[in-house]
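Chains as they are written, first to last, in my numbering: chain D, 3 to 114; chain Z, 52 to 955.
These are calculated hints, taken from the structure and not from any lab test.
Owing to the predicted nature of the structure, the values given are computational and were not obtained by experimental measurement.
No residue lacks a Cβ here, since even glycine has one placed at the ideal position from N, Cα and C.
Each hint should be verified, as a subset may be incorrect.
[Said to hold, decoys possible] Label-pair ranges, simulated between beta-carbon atoms: (1) D:Leu109 / Z:Asn271: 25 to 31 Å; (2) D:Leu109 / Z:Lys802: 41 to 47 Å; (3) D:Ser42 / Z:Ile514: 21 to 27 Å; (4) Z:Pro809 / D:Gln107: 44 to 50 Å.
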Amino acid sequence: MRKTYIGELEEVVLLTVALLYDQAYGVAITHEIKSQTGRSISISAIHSTLHRLSEKGYVNSRMGGATAERGGRRKRFFTVTPAGSRILHDVQQTREQLWQQIPAQALQWKML
Amino acid sequence: MAANTRASLTVEDAMKPPTPTPPRWIDRLLESFCNPHLLEEVQGDLQELYSEWVTEYGERKANRLYLVHTLKFFRPFALRRNQHSNTYRTMMFKHYFTTAYRNLMKHKSFSIINVAGLALGITCFTLIALYVRYELSFDRFHTDADRIYRVIQQKVNDGDAFSRTGGAHITPLQEIAELEEVVRLFRTPIEVQRLDDTRTERVNEEQFYFADSSFFDVFNFRLLVGEVSVLASPSAVILTESTAQRHFGDQNPLGQTIRIGDSLSLEVQGVMEDTPDNSHFTMDFLTSIAVLKQYYNNPGPFESYWWPWLWTFVKLQPGAEASSVNSQIAKAVEKYRGADVAQQFVPQLQPVTDIHLYSTNTSSDPSANGNITYVAIFSAISLLILLIACINFTNLSLARSVKRAKEVGIRKAAGAGRGMLMRQFLGESFLLSLLALTAGLLLAELLLPYFNDLAYRDLKIDILNQLPFWLPLLGIVILTGLLAGSYPAWVLSGLQAARVLKGNIGQKIGSHQWLQQGLVVFQFVASIALIAGTLTAYQQLTFLQETSLGFEKEQILTVPAPQITSAEQAEKLASLEQRFSQLAGVSAVSRAYVRPGFGHGMDRAYEVEGMAEEIAPEDRVSRQHIGYQYFELLDIPLVSGRTLSSESGTDATDAVILNEVAAKNFGFTPETALGKKVRTYVYENGQTYGDLTGTVIGVVKDHHSASLKERIAPTVFMSSEGAYSSLTRHLLVKASGSPQQLIGTLEDAWKDVFPDRPLNASYLDADLEMRYQAEQRLGDIMITFSVLAILIACLGLYGLASYLAERRTKEMGIRKTLGASMQQLLILFNQDFLRLIGIPFIIAIPIAWYAMDYWLQNFAYHISIGPIIFVVAGSLCLGIALLTVSYQALRTARVNPVDSLRNE
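Please work from the sequences and hints to get the whole structure.
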């Protein structure tokens, strides 16, 4: 099977979906990313990323119940699929592997 | 649509206070483009965020955010998929494209001229706009740029301003509550040496800055490594990234030691990012003011309002009014400094963002400044060119559209409605203009390196990051496209098919000629004005370079003298001078405080013995210090008396030489001035500083010791020899032969006396020319762009002529058969155009005259604008126009009448 790669924003969103387990929907993900990393990402970018992730098969979604602050509209909750979980592990492992091979002096002083 | 999938609300939800509702129209907007399948979750999320925004920012901002975030959903994944594609529409669309393409190909030269003209215009506009934008961007990158001001001193006597203030100003400034921060900044060239095993030679560092510890609170330069508090330490220094690279390569600069001057060691404790190009000061080293005190061997607080002479910046409290702070500062300074001085040198706030373009006294600023006049001239030129190009485009499109009347007739006969035809014509010219925009931007990108050379800048085109800047250009281009297309769209589409096909439209079409001619007139007004302006600028430049300065500037080398702080060093300087003068190829050596041509000297109050008039406190005189052979070396003639001489014994401390203006101002003739006592000093708070008195021994002829932008100031020359040696800043060396060969021998002599200091000799004449760099640049840019403007205007004229020629083919044919000669035809044809050039000539003269006169007011000494310039500009335009038109006329006139009369 062709290996699928995942972008940095996709990775962050996917991790956040995992972290928010069962409570992950657009607004919650935006807030979580903001509070965890300080990055403000627009809601449309989150939706677009979620859309890509679900096309790649890394997340599943279901509709939840309606709430008043959303004008009676339902939320779409996302969960990580087994494929999503595997890619997260893969990414982490690759990084680990790369980190361990970096010689100690490489990350010391370097101006340019 | 969303309503039927909506689930019922729970009781709990219904109990909550009503949630704010976002504007309905934004919702509808979203519904109009969003994929219905996604609508519910998207709208839900937006609504949820909206209620948060309302509580956080209030309704107005929330509404705005809601709109922005809604619009951001306009991306492929969220868009509604179009189920029923409109095949009929796409077909027509394709058809229009085909027609447009065929039309372009059919009249290749015409299309190329049309697009190229506009593209060229856009290129010029883009390049100049980038430049102007850059000039305007100076110092705006600081987060609170609008609250940062520099304290300058307005001189009451001559309206000039000092951009620097004495160190003591900080005391009164610190009393003002509305100032959040005050920081003093000082720069002086410093010899820097690395202190480690590979001890390097001393390097003269120009960009060595000293600042108070509040520096980083006022300015937004990022420290990459180290703490902001380093600036408080008297033994630490911060380097910029590239300086660290330059001195230490890949080594870690932190903890390294450098030595400045003769004995002061500083440890590198921080690295900051390089100062951006559009900062008015460029730093390489930054250290504490405390270090400066040690360097100058002055441990006390800087208590003088005259020294050290540094830049003082303040940051206002948010909401503070600059004008009220201004008067508070004036009052506070007056309290400390005494009313008499403080009212002559009024402290004033200058916005940091104004420093680059609006500073009047650029010589005391850290780098060469820009000039708002030039920015204005360039903006005007670029707008003119764009306008010329747009007019051209419109004009050519108009000319061409007439030929398409037949096409319109047939389309109408085949059932095309007016709306369709309008859309076709508008679309076509719109497409063409967009093509020109793309071509123009590409060309601009290609030419950018050359333009950067011309403008001495490092500009970049980065459309995505400069979006707000490019949108107006896009708007102008679209507008041009619409304007160019609108005439054919309106008039042609309204024609009756039957009449058009009969060929019966001449009358109606001809009626827009006044518009075309008006546009051509405007183009030529602009071109003539540009040529005249360019010629004036060049004449003035030549004048600046060729006017005799009153002293000999050739074959002179200048050498910055080391700072003289002790008698021992004064000896060294004298021995260096001695050695220089003994070298072969050196004809004279002298000293100067300010190099000739670079300023009048120190600004001083004065008293003169036997002077008839009362001296007003704002009357000032300039004091320059010079060596023994100064006037002989520079070939400045004496009017009376004698010059400084080493033989007299008292000249080093007692002699005074005046220039003619000074003698006249003091109320003397050159002869009566001799023997009078002159005292020059600075007075403040009951104390005087730099108080020197001497006896006039001679008067020299007036010469331009500052640039030609300034009038010759009354100047008192005193010695910088003997006891006054510390007032030597430069050595002047006059070569008897070529000065190039001299530099090597000078260096050897220098090394003997100052072994570990670098010699920085430069040529006086080259340095003097550098003073008019900005003017030179203006001239270069103007000539380039006025050539382009003429080129574009000629393209337009060419198009117009070819259009008229085509219309008159038949007339020419008939005239020819009836026996008209070639000359007669040419004259006939050119007549109309001569008028088109005559009118702009008359309009352009006053405009160009006014603009150039305004510019020339920058110079105390300038040329007068003569009629020659206008004659030259006019005939140049006329000549080019005649050539263009005659080419077309000749083509038409040479056609065999058989061909021109045959077809109907």
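These are the hints, each one checked on the structure:
no.	hint	verdict
1	D:Leu109 / Z:Asn271: 25 to 31 Å	27 Å, holds
2	D:Leu109 / Z:Lys802: 41 to 47 Å	44 Å, holds
3	D:Ser42 / Z:Ile514: 21 to 27 Å	24 Å, holds
4	Z:Pro809 / D:Gln107: 44 to 50 Å	35 Å, violated
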